[in-house]
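Per this note's numbering, the very first residue in the sequence shown carries number 3; after that it's consecutive.
No wet-lab data here; the hints were simulated from the structure. If you're wondering where the values come from, they're calculated on a predicted model, not measured in any experiment. For each residue, glycine too, the CB sits at the ideal point set by N, CA and C. Nothing false has been slipped in among the hints.
Computed Cβ-Cβ distance ranges for the label pairs, DEER-style: (1) 73 / 105: 18 to 28 Å; (2) 58 / 18: 36 to 46 Å; (3) 4 / 60: 35 to 45 Å; (4) 115 / 16: 34 to 44 Å; (5) 61 / 6: 32 to 42 Å; (6) 59 / 105: 11 to 21 Å; (7) 33 / 98: 19 to 29 Å; (8) 114 / 18: 37 to 47 Å; (9) 111 / 36: 21 to 31 Å; (10) 103 / 36: 20 to 30 Å; (11) 76 / 106: 11 to 21 Å.
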Amino acid sequence: MLARDYRAEARDLLTGKRGQTALFTLLYIVLSNIFSMSIFSYRHPYLRSGVLISTILFPFFYWAYKIAFYNFYFNKKEIMMSDIFSGFKGNGKNWCMIFLTEIYCFLWSLLLIVPGI
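From just these sequences and the hints, can you work out the full model?
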């Protein structure tokens, strides 16, 4: 498939859903930034348990929202904004796929960082 075919398919998928898509994308960006800021904003020594809890819980919320985000863009059916957190209802295959993707990206970044040190 050529790049113009991908662009044409993207235009077809966005037809009639531009406002909803922009809102969903904005919500995705805001939520992912809130979660990441909550992990790195703790500076008080007594709040280390909060950092630990946020670090443990962050991937689960982020991955669930990522699954919903992908379902929104790749399903051709009409989707409601109530489906934003549908990633929590997902099966284990989705979670496993995202977990393995994250590990794969982490290992490739190590491959690029370690020789540079």
